[in-house]
Amino acid sequence: MELKTLTTIVVFATFALYIGIAIWARARSTSDFYVAGSGVHPVANGMATAADWMSAASFISMAGLIAFQGYDASVYLMGWTGGFVLLALCLAPYLRKFGKFTVPEFIGDRFYSKTARIVAVICLIVASITYVIGQMKGIGVAFSRFLEVDYNTGLYAGMGIVFFYAVLGGMKGITYTQIAQYCVLIFAYTVPAIFISLSITGNPVPQFGLGSTLADGSGTYMLDKLDSVLKDLGFAEYTVQKGSTLNMFFLTLSLMIGTAGLPHVIIRFFTVPKVADARKSAFYALLFIAVLYTTAPAVGSMARLKLMQTINPESGQALEYAERPTWFKNWEKTGLLEFEDKNSDGRIQYYNDQNPDFAAFAAQAGWKGNEMIKVDRDIMVLANPEIAKLPNWVIALVAAGGIAAALSTAAGLLLAIASAISHDLLKGVFMPKISERRELMAGRIAMAGAVLVAGWLGINPPGFAAQVVALAFGLAASSIFPALMMGIFNKRMNKQGAIAGMLVGLFSTLLYIFWFKGFFFVADWAVAENTSDNWLLGISPEAFGAVGALLNFSSAYVISKFTTPPPEDIQHLVENIRVPRGSGLASSH
Amino acid sequence: MKNNQQLYWKKNIRLILRCLVIWFAVSFGCGILFVDQLNRFSIGGYKLGFWFAQQGSIYVFLILIYYYTRSMSKLDKEFDVHEDYKLPRMSKVED
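Quick note, the sequences are listed as chains A and B, same order. Mapped onto numbering that gives the first Met the number 0, the consecutive letters of the first sequence carry residue numbers 0 to 588. Mapped onto numbering that gives the first Met the number 0, the consecutive letters of the second sequence carry residue numbers 0 to 94.
Quick caveat, the hints were computed from the structure, so don't treat them as lab data. These figures come from a predicted structure and were not determined experimentally. Any given hint might turn out to be false.
From the structure, some residues in chain A lie toward chain B, with a derived Cβ separation under 7 Å [stated by the list, open to error]:
| # | residue |
| --- | --- |
| 1 | A87 |
| 2 | S217 |
| 3 | Y220 |
| 4 | A275 |
| 5 | Y320 |
| 6 | N575 |
| 7 | V578 |
Label-pair restraints from in silico Cβ distances [what the hints assert, rightly or not]:
| # | chain 1 | residue 1 | chain 2 | residue 2 | range |
| --- | --- | --- | --- | --- | --- |
| 8 | A | F207 | B | R39 | 41 to 51 Å |
| 9 | A | E528 | B | R39 | 34 to 44 Å |
| 10 | B | L14 | A | T4 | 36 to 46 Å |
| 11 | A | Y556 | B | G43 | 45 to 55 Å |
Taking lysine to any residue and the SDA-like style, the derived pairs with C-alpha atoms no more than 25 Å apart in a straight line are [stated by the list, open to error]:
| # | chain 1 | residue 1 | chain 2 | residue 2 |
| --- | --- | --- | --- | --- |
| 12 | A | K241 | B | D35 |
| 13 | A | K241 | B | Q36 |
| 14 | A | K490 | A | V374 |
| 15 | A | K241 | B | I42 |
| 16 | A | K3 | A | G334 |
| 17 | A | K241 | B | R69 |
| 18 | B | K76 | A | H571 |
| 19 | B | K10 | A | E574 |
| 20 | A | K99 | B | V80 |
| 21 | A | K99 | A | A43 |
| 22 | A | K113 | A | S434 |
| 23 | A | K241 | A | G345 |
| 24 | A | K241 | B | K10 |
| 25 | B | K9 | A | P566 |
| 26 | B | K10 | A | R577 |
| 27 | B | K10 | A | Y556 |
| 28 | A | K490 | A | N575 |
| 29 | A | K241 | A | P390 |
| 30 | B | K10 | A | R491 |
| 31 | B | K76 | A | E574 |
| 32 | A | K305 | A | Y155 |
| 33 | A | K99 | A | N202 |
| 34 | B | K9 | A | E574 |
| 35 | B | K10 | A | N575 |
| 36 | A | K490 | B | L74 |
| 37 | B | K9 | A | K305 |
| 38 | A | K99 | B | Q36 |
| 39 | A | K3 | A | N202 |
| 40 | A | K490 | B | N3 |
Note that the Cβ used here is the ideal one computed from N, Cα and C, for glycine as well.
Produce the complete structure using the sequences and hints provided.
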């Protein structure tokens, strides 16, 4: 069957599945809508959390990042998984015991302050909206590449599906669709990975294949081969560090505590029946995530090797342009691969023309610059099935997997936004006496509004969309994570300390990001050029969240020492969340 | 009872700290700070430091959460703070 028809069938079959689940899992109460009635099995919640967490970026872009950065991309692998250790040990069980619906609600109650709650709502909304734009773009891109429809049409289709199951089912509908989406995305990711690992190393397990010898009988290890192929063309070796150690350290730490502080992930742990289930559930979440995250390094390195070897079949031998393989031609059409014959020899010279040590060699060979003028990183995952010569249904599945990854994360983020508006702002601040039925209606309206705003931003993405992901993690790391930690582990922490800490963390991180990337991301308003020489101690804006968190912790600690301790009932509240017994259902009061 | 609860919390904190020391050691230690030293050794085709950064740390994170969950379940029973009752599923919350 033709690829496009097949892809259309697979994608729409998954959509039908999601709609079927949504009708089955309608929300009937606010508890259903916000926390799926706290009745989700820990394994099921682990799977839903994994889908919630793994976004279009994890599915499509991460392996590409690893392919081109090699060892340096380890920050994403460790950062985006290590946060779950913090979640499981330090946050999830206690927040589940607290037994309410939202993250700002905990901050507001624990620090007996509406101001604290509102600051938390602002951080949550900024972090979640910036994140959701990326998912919307992912949906549009997947549609336009695989189904050859207009980007906007694809986006409308994705929005329609999310609208349907998120508005109807709330957290309950989202949870069960996320489980289905996890199955789709993990199958779509691992099948091509197994085949590429088999073809390169002869080992069907990508995690082992990465450390194995090549299947060509040479006895050379795959990674050693990749290092030498890259070195021969003037590129940095794959397994060797290129960036600064201090920056890697802070970036990994920022991604870890940012992960633990992202509200859309935390609220998933409110959906399990017991405190012990919240701990178990974190284990299953990381287990399901690890399946993809330990496969990604294999996919990245093997796809890179395959790409290098396609263009340079023998050392020093460039491929004739006329003899390029079909997948090469297919991706040229999308503009993601571009070739320019700079020295008009009809061959593809792909090398690092920025490397001064390599310039003499290139000049001698008659090369006039790198001729692969564009190699988009995202190709590494998307073109993988074609490079490994897999049947069309696998390619169709990859399209459905990419869309599933984007949809599941978008839905989780939209729920976090909607519940912050209907529960924290409306019920918590403006209309405390609102009835449950009306709050549920308000939640659905907020959700519908959030979907429309996210869709609008997906169609008219602000120019800074790619940069704001640093902002999402920075805010979660510097404001939300420390407030939650201190709320649980420091009984003496009072409202003055917590609010001051959140504001210090928030504004120091914002200031640092804006300083180098431009105030409100207007490039002309940047104070200093965004280069490592200008950075404070060589810490990049992306890695500053951890520094912001340290400033938050220390200022909160100092200020709480000089102000009145929290009232008796708050100290009891803290003692109460520290023991599992008596968790009960999450409720609004 | 009060003292018991304090002891439970103290034991929990000690367990968390033990786990976080390992968490830090495998990721920031083996994967970043001492990666060059560890890269002198290898397992199969993996340089050891590289393996910790791209594979090993994730496996250790998993084992850590599993260990913590198991230990806490035991601790909950020991101090009789576990949740032994069955909860109604999918029920409505009365408001």
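Structure-based check of each hint:
1. About 5 Å separates the beta-carbon of A87 (chain A) from the nearest beta-carbon of chain B, less than 7 Å, and the hint is met.
2. For S217 (chain A), the suggested interface contact is broken, since its CB lies about 12 Å from the closest CB of chain B, more than 7 Å.
3. Proximity of Y220 (chain A) to chain B holds as hinted, the smallest CB-CB distance being about 3 Å (cut-off 7 Å).
4. At its closest, the beta carbon of A275 (chain A) sits 6 Å from a beta carbon of chain B; the interface hint therefore holds under the 7 Å criterion.
5. Interface restraint check for Y320 (chain A): the shortest CB-CB distance to chain B comes to about 33 Å, outside 7 Å, so the restraint is violated.
6. The interface hint given for N575 (chain A) is broken, as the beta carbon of that residue sits about 10 Å from the closest beta carbon of chain B, more than 7 Å.
7. Hint on V578 (chain A) holds. Least Cβ distance to chain B is approximately 4 Å, under the 7 Å limit.
8. Taken as a hint, the range 41 to 51 Å is violated for the pair F207 (chain A) and R39 (chain B), whose Cβ atoms sit roughly 22 Å apart.
9. Under the hint 34 to 44 Å, the C-beta atoms of E528 (chain A) and R39 (chain B), about 38 Å apart, fit the expected range.
10. Taken as a hint, the range 36 to 46 Å is violated for the pair L14 (chain B) and T4 (chain A), whose Cβ atoms sit roughly 56 Å apart.
11. Take Y556 (chain A) and G43 (chain B): their Cβ atoms lie about 47 Å apart, and the range 45 to 55 Å holds.
12. Taking the CA atoms of K241 (chain A) and D35 (chain B), the gap is about 12 Å. The hint holds against a cut of 25 Å.
13. Taking the CA atoms of K241 (chain A) and Q36 (chain B), the gap is near 16 Å; set against the 25 Å cutoff, the hint holds.
14. The straight-line distance between the Cα atoms of K490 (chain A) and V374 (chain A) is roughly 53 Å, outside the 25 Å bound, and the hint therefore fails.
15. Proximity of K241 (chain A) to I42 (chain B) is assessed by CA-CA distance (about 22 Å); at most 25 Å being required, the pair is judged to hold.
16. For the proposed pair K3 (chain A) and G334 (chain A), the alpha carbon gap of about 19 Å is at most 25 Å, so the pair holds.
17. Between the alpha carbons of K241 (chain A) and R69 (chain B) the distance comes to roughly 40 Å, so the proposed pair goes past 25 Å and is violated.
18. Distance restraint check for K76 (chain B) and H571 (chain A): the Cα-Cα separation of roughly 22 Å lies within the 25 Å cut-off, and the hinted pair is therefore satisfied.
19. The suggested pairing of K10 (chain B) with E574 (chain A) holds, with an alpha-carbon distance near 15 Å, which does not exceed 25 Å.
20. Restraint check for K99 (chain A) and V80 (chain B): the C-alpha separation of about 20 Å stays at or below 25 Å, so the hint holds.
21. About 20 Å separates the Cα atoms of K99 (chain A) and A43 (chain A), which keeps this hinted pair within 25 Å; it holds.
22. Proximity of K113 (chain A) to S434 (chain A) is assessed by CA-CA distance (about 20 Å); at most 25 Å being required, the pair is judged to hold.
23. Of the supplied pair hints, the one linking K241 (chain A) and G345 (chain A) is violated, its CA atoms being roughly 33 Å apart against a limit of 25 Å.
24. The suggested pairing of K241 (chain A) with K10 (chain B) is violated, with an alpha-carbon distance near 42 Å, which exceeds 25 Å.
25. The straight-line distance between the Cα atoms of K9 (chain B) and P566 (chain A) is roughly 23 Å, inside the 25 Å bound, and the hint therefore holds.
26. Restraint check for K10 (chain B) and R577 (chain A): satisfied, since their Cα atoms lie roughly 12 Å apart, inside the 25 Å limit.
27. A C-alpha spacing of about 24 Å is found between K10 (chain B) and Y556 (chain A), which places the hinted pair at or below 25 Å, so the restraint holds.
28. Restraint check: the Cα-Cα separation between K490 (chain A) and N575 (chain A) comes to about 11 Å, which is no more than 25 Å; the hinted pair holds.
29. Among the hinted pairs, K241 (chain A) with P390 (chain A) is inconsistent with the structure: their alpha-carbon atoms are about 37 Å apart, more than 25 Å.
30. At roughly 20 Å between alpha-carbon atoms, K10 (chain B) and R491 (chain A) fall within 25 Å of each other, so this suggested pair holds.
31. Proposed proximity of K76 (chain B) and E574 (chain A) is supported: the alpha carbons are some 18 Å apart, at most 25 Å.
32. Between K305 (chain A) and Y155 (chain A) the alpha-carbon distance is near 36 Å, which puts this suggested pair outside the 25 Å criterion.
33. For the suggested pair K99 (chain A) and N202 (chain A), the alpha carbons sit about 48 Å apart, so the restraint of at most 25 Å is broken.
34. Between K9 (chain B) and E574 (chain A), the direct Cα distance comes to roughly 12 Å. Compliance with the 25 Å bound is thereby established for this hinted pair.
35. With a C-alpha separation of about 16 Å, the suggested pair K10 (chain B) and N575 (chain A) falls inside the 25 Å cut-off, and the hint holds.
36. Proposed proximity of K490 (chain A) and L74 (chain B) is supported: the alpha carbons are some 22 Å apart, at most 25 Å.
37. The straight-line distance between the Cα atoms of K9 (chain B) and K305 (chain A) is roughly 53 Å, outside the 25 Å bound, and the hint therefore fails.
38. At roughly 47 Å between alpha-carbon atoms, K99 (chain A) and Q36 (chain B) are farther apart than 25 Å, so this suggested pair is violated.
39. Note on K3 (chain A) and N202 (chain A): the hinted pairing is violated, with a Cα-Cα distance of about 31 Å set against a maximum of 25 Å.
40. Between K490 (chain A) and N3 (chain B) the alpha-carbon distance is near 17 Å, which keeps this suggested pair within the 25 Å criterion.
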